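Let's have the full structure, built from the sequences with the hints guiding it.
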Amino acid sequence: MPQMSPMNWFLLFVFFNFSIYLTLIKVHFSSNSCVLVGLKPAVSAANNMLFMI
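Residue numbers (our numbering): 28 to 80.
One or more hints might be untrue.
To be verified - Restraint ranges, calculated between C-beta atoms of paired labels, are given here:
| hint | residue 1 | residue 2 | range |
| --- | --- | --- | --- |
| 1 | Met31 | Leu51 | 23 to 31 Å |
| 2 | Met31 | Ile52 | 23 to 31 Å |
| 3 | Lys53 | Met31 | 27 to 35 Å |
| 4 | Ser57 | Gln30 | 34 to 42 Å |
| 5 | Ser32 | Ser57 | 35 to 43 Å |
| 6 | Phe56 | Gln30 | 34 to 42 Å |
If you're looking for bench data, these hints aren't it; they were derived computationally from the structure.
Fair warning: this is a prediction, and the values are worked out from it, not measured in the lab.
For every residue, glycine included, the Cβ atom is placed at its ideal position computed from N, Cα and C.
In structure tokens form, the structure reads like this:
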């Protein structure tokens with residue numbers, strides 16, 4: 028397997044987080060559950076860390 032460059036890893040990381048974010052939005056609109064209320068601070072913290080990079 029070829030070695031991936033750091034840029035490829037970064038793009039993969041961003042794409043992975045974006046897909047998780049879209050999935051959370053879908054689940055949020057389909058059913059408002061207590062689990063999402065607990066997940067929201069963690070997601071916003073992860074997004075803040077992403078923007079700090």
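Outcome of the hint check:
no. : hint                         : in the structure
1   : Met31 with Leu51: 23 to 31 Å : holds (27 Å)
2   : Met31 with Ile52: 23 to 31 Å : holds (28 Å)
3   : Lys53 with Met31: 27 to 35 Å : holds (29 Å)
4   : Ser57 with Gln30: 34 to 42 Å : holds (40 Å)
5   : Ser32 with Ser57: 35 to 43 Å : holds (38 Å)
6   : Phe56 with Gln30: 34 to 42 Å : holds (40 Å)
In summary, this structure violates none of the numbered hints.
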